[in-house]
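Top line first, the protein sequences correspond to chains A and F. Once you know that position 257 of the first sequence is 261 in this note's numbering, the rest is easy, because the numbers rise by one and skip nothing. Once you know that position 86 of the second sequence is 90 in this note's numbering, the rest is easy, because the numbers rise by one and skip nothing.
These aren't lab readings, by the way, just hints derived from the structure by calculation. Hints are not guaranteed to be accurate.
[What the hints assert, rightly or not] The calculated label-pair distances, taken between Cβ atoms and stated as ranges, are: (1) F:126 / A:197: 45 to 51 Å; (2) A:168 / F:78: 47 to 53 Å; (3) F:306 / A:142: 30 to 36 Å; (4) F:413 / A:134: 34 to 40 Å; (5) A:104 / F:78: 48 to 54 Å; (6) F:37 / A:122: 50 to 56 Å.
The beta carbon of each residue, even a glycine, is placed where N, CA and C say it ideally should be.
There are 2 protein chains.
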Amino acid sequence: MRLIALPLLALVLIGAKADDGVATAERLRDAALADNQAWELVESLTTEVGPRLAGTDKEAQARAWAVAKLKALGFQNVHVEPFDLPVWVRGDERASVVGEHAQPLAISALGRSGATPAAGIEAEIVHFASTEALEAAPAEAVRGKIAFVTHAMRRTQDGSSYGYFGSVRRSAPSIGASKGAVAVLIRSLGTDYHRNPHTGGTSWAEGQAPIPAAALSLPDSDQLERLLKLGKPVRVKLVMTPRFTGPGTSGNVIGEIVGREAPDEVVVIGGHLDSWDLGTGAIDDGAGVAITTAAAKVIMESKQRPRRTIRVVLWGAEEVGLVGGAAYAEAHARDKTIMAAESDFGAGRIWKFGYRVAETAKPLMTTIARVLSPLGITHDTTNSNRGGPDIGALAAIGVPTLAPEQDGSDYFDLHHTPDDTLDKIDPKALDQNVAAYAAMTWLVADSDVALGPVATGAR
Amino acid sequence: MRLIALPLLALVLIGAKADDGVATAERLRDAALADNQAWELVESLTTEVGPRLAGTDKEAQARAWAVAKLKALGFQNVHVEPFDLPVWVRGDERASVVGEHAQPLAISALGRSGATPAAGIEAEIVHFASTEALEAAPAEAVRGKIAFVTHAMRRTQDGSSYGYFGSVRRSAPSIGASKGAVAVLIRSLGTDYHRNPHTGGTSWAEGQAPIPAAALSLPDSDQLERLLKLGKPVRVKLVMTPRFTGPGTSGNVIGEIVGREAPDEVVVIGGHLDSWDLGTGAIDDGAGVAITTAAAKVIMESKQRPRRTIRVVLWGAEEVGLVGGAAYAEAHARDKTIMAAESDFGAGRIWKFGYRVAETAKPLMTTIARVLSPLGITHDTTNSNRGGPDIGALAAIGVPTLAPEQDGSDYFDLHHTPDDTLDKIDPKALDQNVAAYAAMTWLVADSDVALGPVATGAR
Numbered sequence: 005m006r007l008i009a010l011p012l013l014a015l016v017l018i019g020a021k022a023d024d025g026v027a028t029a030e031r032l033r034d035a036a037l038a039d040n041q042a043w044e045l046v047e048s049l050t051t052e053v054g055p056r057l058a059g060t061d062k063e064a065q066a067r068a069w070a071v072a073k074l075k076a077l078g079f080q081n082v083h084v085e086p087f088d089l090p091v092w093v094r095g096d097e098r099a100s101v102v103g104e105h106a107q108p109l110a111i112s113a114l115g116r117s118g119a120t121p122a123a124g125i126e127a128e129i130v131h132f133a134s135t136e137a138l139e140a141a142p143a144e145a146v147r148g149k150i151a152f153v154t155h156a157m158r159r160t161q162d163g164s165s166y167g168y169f170g171s172v173r174r175s176a177p178s179i180g181a182s183k184g185a186v187a188v189l190i191r192s193l194g195t196d197y198h199r200n201p202h203t204g205g206t207s208w209a210e211g212q213a214p215i216p217a218a219a220l221s222l223p224d225s226d227q228l229e230r231l232l233k234l235g236k237p238v239r240v241k242l243v244m245t246p247r248f249t250g251p252g253t254s255g256n257v258i259g260e261i262v263g264r265e266a267p268d269e270v271v272v273i274g275g276h277l278d279s280w281d282l283g284t285g286a287i288d289d290g291a292g293v294a295i296t297t298a299a300a301k302v303i304m305e306s307k308q309r310p311r312r313t314i315r316v317v318l319w320g321a322e323e324v325g326l327v328g329g330a331a332y333a334e335a336h337a338r339d340k341t342i343m344a345a346e347s348d349f350g351a352g353r354i355w356k357f358g359y360r361v362a363e364t365a366k367p368l369m370t371t372i373a374r375v376l377s378p379l380g381i382t383h384d385t386t387n388s389n390r391g392g393p394d395i396g397a398l399a400a401i402g403v404p405t406l407a408p409e410q411d412g413s414d415y416f417d418l419h420h421t422p423d424d425t426l427d428k429i430d431p432k433a434l435d436q437n438v439a440a441y442a443a444m445t446w447l448v449a450d451s452d453v454a455l456g457p458v459a460t461g462a463r
Numbered sequence: 005m006r007l008i009a010l011p012l013l014a015l016v017l018i019g020a021k022a023d024d025g026v027a028t029a030e031r032l033r034d035a036a037l038a039d040n041q042a043w044e045l046v047e048s049l050t051t052e053v054g055p056r057l058a059g060t061d062k063e064a065q066a067r068a069w070a071v072a073k074l075k076a077l078g079f080q081n082v083h084v085e086p087f088d089l090p091v092w093v094r095g096d097e098r099a100s101v102v103g104e105h106a107q108p109l110a111i112s113a114l115g116r117s118g119a120t121p122a123a124g125i126e127a128e129i130v131h132f133a134s135t136e137a138l139e140a141a142p143a144e145a146v147r148g149k150i151a152f153v154t155h156a157m158r159r160t161q162d163g164s165s166y167g168y169f170g171s172v173r174r175s176a177p178s179i180g181a182s183k184g185a186v187a188v189l190i191r192s193l194g195t196d197y198h199r200n201p202h203t204g205g206t207s208w209a210e211g212q213a214p215i216p217a218a219a220l221s222l223p224d225s226d227q228l229e230r231l232l233k234l235g236k237p238v239r240v241k242l243v244m245t246p247r248f249t250g251p252g253t254s255g256n257v258i259g260e261i262v263g264r265e266a267p268d269e270v271v272v273i274g275g276h277l278d279s280w281d282l283g284t285g286a287i288d289d290g291a292g293v294a295i296t297t298a299a300a301k302v303i304m305e306s307k308q309r310p311r312r313t314i315r316v317v318l319w320g321a322e323e324v325g326l327v328g329g330a331a332y333a334e335a336h337a338r339d340k341t342i343m344a345a346e347s348d349f350g351a352g353r354i355w356k357f358g359y360r361v362a363e364t365a366k367p368l369m370t371t372i373a374r375v376l377s378p379l380g381i382t383h384d385t386t387n388s389n390r391g392g393p394d395i396g397a398l399a400a401i402g403v404p405t406l407a408p409e410q411d412g413s414d415y416f417d418l419h420h421t422p423d424d425t426l427d428k429i430d431p432k433a434l435d436q437n438v439a440a441y442a443a444m445t446w447l448v449a450d451s452d453v454a455l456g457p458v459a460t461g462a463r
């Protein structure tokens, strides 16, 4: 039996290979490894546009850049889908310890931070080792003071520390405000020891007046803890003048490769165009824009049109609350979206392939995993990965998600800092990403397999 | 012959060991490896004082700190030797590309930079790939423009790239001013890709009016080069408001272990107390202050007083032109200074032992090298090392110099940047430095060997 069965199995596999587009996917994968398109895109975006904060002229410039690039690369149906949003911009920001141990501190305002008066404020620091400790504190311990909140985040390959410890940025300012703090300083939600604090959005409760909220770099956070250990009150002066500039416009930029047989069935891949204002948005998310656009371009160049439509979506206003992702999901709720995948976790190599699909789509996932394995990518079979932030709203309405997971061990050394610049990208790692996206996207787009249904609802 | 000679040679070596204090030096070396004094000193200085720019109140605070520490540790004859100097302080500093590719640039003014008007200046950038290229350019290529000068510095273990490529910081601004440049921007004299530019002193010709001169971080310098490659003129707006605040006071802080037999013969070790204003002066030069003070303290704790006096000198105003080193050499020109050694190249492990002594002192140098070798330290026998910057003036008047050379491979990632903070110091590497200084200093201080004469004259 065994001696007979093996050749038969081999024949079946060979047959499957030809049928499900594996050979084409492998060719696309290998072609992408020798391509240079993604680097050219991310170099151009980060150099010619640079920082591109949501709702500002710079983000508009990024949209114009994207429309021009997608057209020049040969995409079809290139257009912008605009939407409105409130716009917040950074102002001056300075902090210093005052008194006996007077010295400056490196800070960056968090997105949606309130402002101090132009002359600043001065108050005593009160330290909490976690958001939970701040939450548990009586209001009288916080009132009139600057709450200083730290945490124990460490680097992880999958980035899970960001979500787990992230309340320090997302919630601590609002909790501090509710207890009467005059400002909140947090230890940067990051892992590096450079004096470039990590910005990022914070949230206020409905009707709550924003107070000044800023991140300290890790060296500055440690310094403040050492000063507190000297046993005397530590006072800090803060000058911060960010402001809301009123309503503004953002938009998602879209380009397609229209499918040859089922053009109404749409495979969505993309990254987000906006960036924080401190760096040039290279790893967050120029890389994702470049990887997914270049992957589609590799498919376009193969001259073989896929069955389904491949739609590259370059979302706007991700950093300020996933506004573009929500606008896209609302506008395209009735599309036949076969699957969505977003590259928004830097430019590190992909190390694991995950997804969230119907059980019936698992054989296709196994095929994809096999094609990706020569790239050093393992297979996450938990069937639980809802992918990047801008496709969260699609996942919530039942769109299956594919998730090539990038190695994020170093991501939070750079994330939301001035150090997010082109030089941090390894061109070889970028190519590996393009190869994985090209092969994966082709296999889904050229297939007639349904990837859903999956459960609706938010995470 | 051989069988007889070996035991005889061993006896001679054992005899030599006992006579020249090798056994004591080895005990001191090993005691230092288990000590924690240097870390406590550098933590205290960088936390409680922090940045300490020459001539400012913060440097005065550092002197008060040093006097208190040296007294508390049991040093004798603790005192300050004050001197005057012109004081320069940083102001606002902002730069941005204007026009089509508008974006901010990270800059830091160089020490002694001139200022722009409060409203700033705006001019076209003209790029030179080296100081030599700027020097060779006709004035009409520079006049009215911002000269942008880069270089090819790479990391080296011995730090020689700093001197070799250093003209970009030391001379290019003056050369630019002489050709009518309205400002000079240089690629930071550094090796890291963080957006924390490297400051440092620049020099002006006699009677020359300072123009604005600032360093760009390496990512910003690369960005400017990429923008220039797009082929259109690149204009930059600069706002810089540093200023000279007039004459001020600095000083050298001194403490001694008075010698038991030849108290007038002085062995000088030390580091410099002042720092640039951007970081907290941990590797430059809190580490040197801590290493040399802790090494003397280890000797003090051994209860065995050395023949000669050990003098710890903590120089002031090194960063702004070796002012403290010159003042010390002038004030102590008639001392019987047996040798001088300065620790001022970070907190990396010592990897090589060098010196500049009379031929007759070479056996003692070989003994020192042998005692240091278990610390992983090789022996530089070129007899050409004039040691750290503050003892240059002593070397010029014929004082022999000893030079435990630190590994500087990473030094120019941090040097003169905001990132020069305590967390960059490896406590184990710091202890290895203390061990080497303790053993070396003991061997010279307990010896009656003359280390000179050596040739006078500047390098």
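Each hint tested on the structure:
Checking the proposed 45 to 51 Å range against residue 126 of chain F and residue 197 of chain A shows it is violated: the Cβ atoms sit about 36 Å from each other. One distance hint, 47 to 53 Å for the beta-carbon pair residue 168 of chain A and residue 78 of chain F, holds here, with the actual separation near 49 Å. In this structure the supplied range 30 to 36 Å is violated for residue 306 of chain F paired with residue 142 of chain A, their Cβ-Cβ distance being about 53 Å. For residue 413 of chain F and residue 134 of chain A, the Cβ-Cβ distance of about 37 Å falls inside the hinted range of 34 to 40 Å, so the restraint holds.
At roughly 25 Å, the beta-carbon separation of residue 104 of chain A and residue 78 of chain F lies outside the given 48 to 54 Å, and the hint is violated. The beta-carbon spacing between residue 37 of chain F and residue 122 of chain A, approximately 54 Å, falls within the hinted interval of 50 to 56 Å.
This entry does not satisfy hints 1, 3 and 5, going by the numbered hints stated previously.
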